[in-house]
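If you read the sequences in order, they're chains A and B. Mind the numbering: the first sequence is residues 1 to 414 in my numbering, read in order. Mind the numbering: the second sequence is residues 1 to 113 in my numbering, read in order.
Honestly, the hints are just simulated from the structure, not real lab data. Some hints here could point you the wrong way.
As the list claims (entries may be wrong) - In silico lysine-lysine, PhoX-like type, Cα no more than 20 Å apart, as pairs:
hint : chain 1 : residue 1 : chain 2 : residue 2
1    : A       : Lys-285   : A       : Lys-217
2    : A       : Lys-312   : B       : Lys-15
3    : A       : Lys-401   : B       : Lys-15
Stated by the list, open to error - Derived contacts from chain B toward chain A, CB cut-off under 8 Å, selection only:
hint : residue
4    : Leu-19
5    : Phe-22
6    : Ala-37
These figures come from a predicted structure and were not determined experimentally. Glycine included, every Cβ here is placed at the ideal spot set by N, Cα and C.
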Amino acid sequence: MGEMTKSAIATQKATLSPAVLQRRIQERRNIWLVMGTVALILMAWGYGYFTSGADIAPLVPKVLPGAVRVEVQSGLFLGFAEDGSLVGYAASGEAPGYGGPLQILVGVNLEGQITGAEVIQQRETPGFYRLVQSNGLVESLAQKQVTDPFHLSGDLDAVSGATLSAEGIAAATRRAVRTISADGLDQPLPVERQPIKFGIPEIVLILLYAGGYFGHKLRSSTWKRRTRWLTLLIGMVVLGFIYTAPLTISQVISLLSGYWPDWHNNIYWYLLIGGILFVTTVDAKNPYCNWFCPFGAVQECLSTISGAKYYKPRKFSSFLTWMQRGLALLAILIGLALRRPGVAGYEPFQTMFDLRGTGLQWAFLILIILSSLLIYRPFCNYLCPLDPVVDFVGEVRRRTKEVWRKWQMRSIQK
Amino acid sequence: MADAVDPKVNKEAVKQGILLLFVGVSFVLVFLLWREALAEPGESSPGYIRNTQLVSTQNPAYKEIPSDRDGEENSGKAGSSGMLSLTNTATPAQADRSHIPTPTETQIPLMDQ
């Protein structure tokens, strides 16, 4: 029976045209590539998960001056002086920042005054975190009382250009202070009310999704082009120059790492990532890149001014595509393995829209801008890590649909 | 006789050269950017291992005490509730805190990002 099946397969193969055979080989290779990619991502995730974490206790004397001995008690650290007297308490607090959770250690003396604070772990993009450091936000926590509100633009100075990182530090501080106040000082603070943040960027984003979704369904090419330019320009100005909130690979890595920010004040994050995944899965069309990506819009404006055309020579097409995919995969693996989504991102968005960056970041941006005058959207077509991610989602969608269709066919035949 | 060069072929070669140069230089810059980013520490902790409690107990300078601060079996032992308080009889949570300001209702303003 088995031999008969084998011979039947061999006969079927012999009758297939080379083109069909080639396609089948390609399909099989794609399946292995998808599975290999998923396996690599899972391995990086596992490595990152089991190797991350920090030893906090040795840091306690740094935030509790005078403490020479530390005892740990259910998340609360007690610092003792040389004579054995209690100096104060320390606790760590965690809250989502831009690239993942930020963890801060706060020391408080017996009078309820903060004696020091130290960021234990952060996963922010170095550029953002540098802004927070130069702003002196962490240092400004010292001398405050545990009863203070610890809010940006309130008793703490906001950090322009790194609001999410600064907000993460403020929220983590509030949590640490609450632990100390309740467990150490025995003065529980009132329950913190979480406001829901929904404003202009969220509304604009929803409108842009709608514009992209309905725009690509328009039959008139003139109106389609006009709508696309409108969404592109709005995306560039609002999501780019005003709010500096484009989609980045760091956000995708944060999603995969499980670093999901608090939804109350991060609805934009969920709309941006969830919206793209939802529309790409349901409609098989990427609404973001072509319709309102702010950096794509900048490149497209430059290409339009110079008359640069799309260019991908057939000879190198496959090589360039796989290089871009490899770069994206490497970024994801770095971010997951180190549990630091912020460092994996290499997009020059912050340099472009916030005009901040290191020498290397500026060099990269200038190279892309100059290339945009010669090649249509060079970053999007050859370097952007998000394009392969969206392609991957599309491929998974196609495979799932295929399996579902086959399963349905089998059910009907039975 | 010199070979005639097809201008179209020449132009194509220049375009390919520019493209490959752009991609090559960009890749080098991306790797340098990663190196730059990874050089910045993500944590200030001297150790970098997961189980904080375990490390603390292994380090002789730090002791972990049970959460049951007033439990009988701990009284009088190093690291028990007796050692932690200022009065030597009360737990840290029971120490005099009349000097600490009373907490007020926390108002959280809406923030711009």
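Structure versus earlier hints - violations, ascending order:
Number 3 only.
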